[in-house]
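Q: Start counting the sequence shown at 227; every next residue gets the next number (this note's numbering).
Treat the hints with caution; some may be incorrect.
Stated by the list, open to error - No farther apart than 27 angstroms at their CA atoms in a straight line, the calculated lysine-lysine pairs in the DSS-like style are these: (1) Lys374 x Lys279; (2) Lys279 x Lys289; (3) Lys374 x Lys235; (4) Lys392 x Lys289; (5) Lys392 x Lys279; (6) Lys392 x Lys263; (7) Lys279 x Lys235; (8) Lys289 x Lys235; (9) Lys235 x Lys263; (10) Lys289 x Lys374; (11) Lys392 x Lys235; (12) Lys263 x Lys279.
As the list claims (entries may be wrong) - Quick list of the computed label-pair ranges, beta carbon to beta carbon: (13) Ile296 x Arg339: 34 to 42 angstroms; (14) Asp355 x Glu334: 26 to 34 angstroms; (15) Arg357 x Lys279: 34 to 42 angstroms; (16) Glu314 x Pro242: 23 to 31 angstroms; (17) Glu285 x Pro242: 39 to 47 angstroms.
Hints in this document: simulated from the structure, not taken from any laboratory.
The C-beta atom is built at its ideal place from N, Cα and C for all residues, glycine as well.
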Amino acid sequence: MSSFDRIEKAILLRAPIERVWRAITDVSEFGQWFGVKLNEPFAPGRAITGSFKGEFNAEDIAKYQASIGIEPAPIRQPEPNAVFCTVEEMDAPRLFSFRWIPYGLDAECDPAREPTTLVEFRLEAVAGDTRLTVTESGFEGVPAHRRKRAFLMNDGGWSAQIENIKRHVEHA
């Protein structure tokens, strides 16, 4: 197994577990901090469609890629109302998981054939606060020519998203 297989981010949130659970599993709230508009409520086994808010700036993404030591590569803007993820499990208020295509913006990614990774949100109550651990695993299934790029782009993405969750639940 390569070192590019599993991303794990943990953060202590100054919010009760029920509040964090709602921010993660209510599609409207999820969309607020993640930057997407999703069309269906989350439910196990359901494919969730949606659209990202706005377009991605290819120049900014190329600069970011260069800053983390990977060769900048072309991106493809996501199709509106495409499948965002497929929900795996919802075990309130401790586990929410889904599968999605890692770094699906990559122009080399073929959404019809691309393997998915598993994203898990694990919540643990800690003295009135909540420890949130976000894990994305399964990068070993991503085609070798884009595995490192997908891993590093999603690693940076999850670093930003846990800060977005923090702002959302602590300052809402």
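Q: For each hint, tell me whether it holds in the structure or not.
A: Status of the hints after comparison with the structure:
About 26 angstroms separates the Cα atoms of Lys374 and Lys279, which keeps this hinted pair within 27 angstroms; it holds. Distance hint between Lys279 and Lys289 is fulfilled; the C-alpha atoms sit about 21 angstroms from each other, no more than 27 angstroms. Our distance criterion of 27 angstroms between C-alpha atoms is met by Lys374 and Lys235, whose separation comes to about 18 angstroms. Restraint check for Lys392 and Lys289: the C-alpha separation of about 26 angstroms stays at or below 27 angstroms, so the hint holds.
Straight-line distance between C-alpha atoms of Lys392 and Lys279 comes to about 20 angstroms, which keeps the hinted pair within the 27 angstroms bound. Restraint check for Lys392 and Lys263: the C-alpha separation of about 19 angstroms stays at or below 27 angstroms, so the hint holds. A threshold of 27 angstroms between alpha carbons decides the hint, and for Lys279 with Lys235 the separation of about 24 angstroms falls inside it, so the pair holds. A C-alpha spacing of about 23 angstroms is found between Lys289 and Lys235, which places the hinted pair at or below 27 angstroms, so the restraint holds.
About 24 angstroms separates the Cα atoms of Lys235 and Lys263, which keeps this hinted pair within 27 angstroms; it holds. In summary, the hint linking Lys289 to Lys374 is supported, as the alpha carbons are separated by about 17 angstroms, within the 27 angstroms threshold. Taking the CA atoms of Lys392 and Lys235, the gap is near 13 angstroms; set against the 27 angstroms cutoff, the hint holds. Restraint check for Lys263 and Lys279: the C-alpha separation of about 7 angstroms stays at or below 27 angstroms, so the hint holds.
Between Ile296 and Arg339 the beta carbons are some 22 angstroms apart, a value that contradicts the proposed interval 34 to 42 angstroms. Between Asp355 and Glu334 the C-beta distance comes to about 41 angstroms, which lies outside the given range of 26 to 34 angstroms. Taking 34 to 42 angstroms as the suggested C-beta distance range, the pair Arg357 and Lys279 does not conform, at roughly 28 angstroms. Taking 23 to 31 angstroms as the suggested C-beta distance range, the pair Glu314 and Pro242 conforms, at roughly 25 angstroms.
The beta-carbon spacing between Glu285 and Pro242, approximately 41 angstroms, falls within the hinted interval of 39 to 47 angstroms.
The structure fails hints 13, 14 and 15 (numbered hints given earlier, in ascending order).
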